[in-house]
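2 protein chains.
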Amino acid sequence: MSQTWSLHPQLMQDTVNIGDLPLSRVAVIKDANYPWLLLVPRRPNVSDLIDLSEIEQAQLTTEINRVAVALKAITKADKLNIAALGNVVPQLHVHIIARRKTDAAWPRPVWGVVPPLDHDPQELDAFIAALRRRVWLA
Amino acid sequence: MSQTWSLHPQLMQDTVNIGDLPLSRVAVIKDANYPWLLLVPRRPNVSDLIDLSEIEQAQLTTEINRVAVALKAITKADKLNIAALGNVVPQLHVHIIARRKTDAAWPRPVWGVVPPLDHDPQELDAFIAALRRRVWLA
Numbered sequence: 000m001s002q003t004w005s006l007h008p009q010l011m012q013d014t015v016n017i018g019d020l021p022l023s024r025v026a027v028i029k030d031a032n033y034p035w036l037l038l039v040p041r042r043p044n045v046s047d048l049i050d051l052s053e054i055e056q057a058q059l060t061t062e063i064n065r066v067a068v069a070l071k072a073i074t075k076a077d078k079l080n081i082a083a084l085g086n087v088v089p090q091l092h093v094h095i096i097a098r099r100k101t102d103a104a105w106p107r108p109v110w111g112v113v114p115p116l117d118h119d120p121q122e123l124d125a126f127i128a129a130l131r132r133r134v135w136l137a
Numbered sequence: 000m001s002q003t004w005s006l007h008p009q010l011m012q013d014t015v016n017i018g019d020l021p022l023s024r025v026a027v028i029k030d031a032n033y034p035w036l037l038l039v040p041r042r043p044n045v046s047d048l049i050d051l052s053e054i055e056q057a058q059l060t061t062e063i064n065r066v067a068v069a070l071k072a073i074t075k076a077d078k079l080n081i082a083a084l085g086n087v088v089p090q091l092h093v094h095i096i097a098r099r100k101t102d103a104a105w106p107r108p109v110w111g112v113v114p115p116l117d118h119d120p121q122e123l124d125a126f127i128a129a130l131r132r133r134v135w136l137a
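Note that the protein sequences, when read in sequence, are chains A and B. Heads up, the first sequence is in numbering that gives the first Met the number 0, so the first residue is 0 and it goes up one at a time. Heads up, the second sequence is in numbering that gives the first Met the number 0, so the first residue is 0 and it goes up one at a time.
No lab work stands behind these hints: they were computed from the structure. It cannot be assumed that every hint is accurate.
[Stated by the list, open to error] Derived DEER-like restraints, expressed as beta-carbon distance ranges:
#1 Ala-125(A) with Gln-121(B): 28 to 36 Å
#2 Thr-101(A) with Asp-50(B): 21 to 29 Å
#3 Asp-119(A) with Ala-72(B): 30 to 38 Å
#4 Asp-50(B) with Leu-136(A): 21 to 29 Å
#5 Ala-125(B) with Met-11(A): 26 to 34 Å
#6 Leu-116(A) with Glu-122(B): 16 to 24 Å
[Unchecked claim] Derived lysine to aspartate or glutamate pairs resembling EDC-like cross-links, with alpha carbons at most 20 Å apart:
#7 Lys-75(B) with Asp-50(A)
#8 Lys-100(A) with Asp-19(B)
#9 Lys-71(A) with Asp-30(B)
#10 Lys-29(A) with Glu-55(A)
#11 Lys-75(A) with Asp-50(B)
#12 Lys-75(B) with Asp-30(B)
#13 Lys-75(A) with Glu-55(B)
#14 Lys-100(B) with Asp-13(B)
#15 Lys-71(A) with Asp-47(B)
#16 Lys-71(B) with Glu-55(B)
#17 Lys-71(B) with Asp-124(A)
#18 Lys-75(B) with Asp-47(A)
#19 Lys-75(A) with Asp-124(A)
#20 Lys-71(B) with Asp-30(A)
#21 Lys-71(A) with Asp-19(B)
#22 Lys-71(B) with Asp-47(A)
#23 Lys-100(B) with Glu-53(A)
[What the hints assert, rightly or not] Chain A regions said to be covered by chain B (calculated; three or more residues, Cβ under 8 Å):
#24 63-70
#25 83-92
#26 118-132
Glycine included, every Cβ here is placed at the ideal spot set by N, Cα and C.
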């Protein structure tokens, strides 16, 4: 049991950092098949949503809404998928995924359907810049 | 666009009703592979979490916590999976699934891995009774 929070090594490897909200780290999953974000509450030893206090849960809900609204506006997605699973990586993390009816996994959930696809670096930079403007500056 | 809420016919077919919290209908998915609940906010024309008002989102978070705490206590699950996907049924519904390291899909997400398994009626009655005690009477 650690007393300080740090991003789980597997999540570190799988994501590109965008920035911090009051509770959560925000990151992009390295998979160009879908616009796919992760919110990771910066609290040590938390695995399930119910391990957060009620105040932290309310703050996480606010941050999920803020990021999801931005992601939908930027991508014009058909549907959002929002999920806290964590069967493989036990550190609490919330997936926010913009789904399109034409994407590689539709209508299935994205996990394990097709191998991750590398991002085009310029497209990824533009996506992160657009998110930063909407989430932190709006 | 309907002005009154009713449970989507597919969700009606796939679930057994448990009862209503202030915002959400609570139901069990008819699949004995996993202790699997559904929360469906009783608001018409809502597909994504971000379609709810901020007050409704906060209420939904409270109800998710209440049901998830009860489900974990009853099942002694290893992990909770909480997800709003809705790619197939567009009416907003939140899955709350008790996962065990020995279950049929572990560590994968449950969707589409193994066919649904019929409940034993007495076990289902006992499960629903235990949930009602913890969620509504606690």
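Against the structure, the hints come out as follows:
Between Ala-125(A) and Gln-121(B), the C-beta spacing of about 58 Å breaks the proposed range 28 to 36 Å. Checked against the given bound of 21 to 29 Å, the beta carbons of Thr-101(A) and Asp-50(B), roughly 22 Å apart, stay inside it. For the hinted restraint 30 to 38 Å between Asp-119(A) and Ala-72(B), the CB-CB distance of approximately 47 Å leaves it violated. Distance hint check: the CB atoms of Asp-50(B) and Leu-136(A) are about 24 Å apart, consistent with the given range 21 to 29 Å.
Restraint check, Ala-125(B) to Met-11(A): a C-beta distance of roughly 44 Å breaks the suggested window 26 to 34 Å. For the pair Leu-116(A) and Glu-122(B), the supplied restraint of 16 to 24 Å is violated, since their beta-carbon distance comes to about 43 Å. This hinted pair checks out: Lys-75(B) and Asp-50(A) have alpha carbons roughly 14 Å apart, not beyond 20 Å. Only pairs whose Cα atoms come within 20 Å are accepted, and Lys-100(A) paired with Asp-19(B) is rejected, the gap being roughly 32 Å.
For the hint linking Lys-71(A) to Asp-30(B), the alpha-carbon distance of about 32 Å lies beyond 20 Å, and the restraint is violated. A C-alpha spacing of about 27 Å is found between Lys-29(A) and Glu-55(A), which places the hinted pair above 20 Å, so the restraint is violated. Pair hint Lys-75(A) plus Asp-50(B) holds up; C-alpha atoms about 14 Å apart against a cutoff of 20 Å. About 18 Å separates the Cα atoms of Lys-75(B) and Asp-30(B), which keeps this hinted pair within 20 Å; it holds.
Only pairs whose Cα atoms come within 20 Å are accepted, and Lys-75(A) paired with Glu-55(B) is rejected, the gap being roughly 23 Å. This hinted pair does not check out: Lys-100(B) and Asp-13(B) have alpha carbons roughly 25 Å apart, beyond 20 Å. Using a Cα cut-off of 20 Å, the hinted pair Lys-71(A) and Asp-47(B) holds, with the two alpha carbons roughly 10 Å apart. The suggested pairing of Lys-71(B) with Glu-55(B) is violated, with an alpha-carbon distance near 24 Å, which exceeds 20 Å.
A hinted pair counts as satisfied when its Cα atoms are at most 20 Å apart, and Lys-71(B) with Asp-124(A) does not qualify at roughly 41 Å. Annotation: proposed proximity of Lys-75(B) to Asp-47(A) holds, straight-line Cα distance about 13 Å (limit 20 Å). For a cut-off of 20 Å, the pair hint linking Lys-75(A) to Asp-124(A) stands: about 18 Å separates their Cα positions. Restraint check for Lys-71(B) and Asp-30(A): not satisfied, since their Cα atoms lie roughly 32 Å apart, outside the 20 Å limit.
A C-alpha spacing of about 30 Å is found between Lys-71(A) and Asp-19(B), which places the hinted pair above 20 Å, so the restraint is violated. Proposed proximity of Lys-71(B) and Asp-47(A) is supported: the alpha carbons are some 10 Å apart, at most 20 Å. The hinted pair formed by Lys-100(B) and Glu-53(A) fails the criterion: a straight-line CA distance of about 27 Å is larger than 20 Å. Here's how the region 63-70 of chain A fares: 4 of its residues keep a CB closer than 8 Å to some CB of chain B, so the rule of at least three is met and the hint holds.
Check result for the region 83-92 of chain A against chain B: holds, 6 residues qualifying (beta carbon to beta carbon below 8 Å, three or more required). Counting residues of the region 118-132 of chain A whose beta carbon lies closer than 8 Å to any beta carbon of chain B gives 0, which falls short of the minimum of three for the stated coverage.
Going through the hint list in order, the structure does not satisfy hints 1, 3, 5, 6, 8, 9, 10, 13, 14, 16, 17, 20, 21, 23 and 26.
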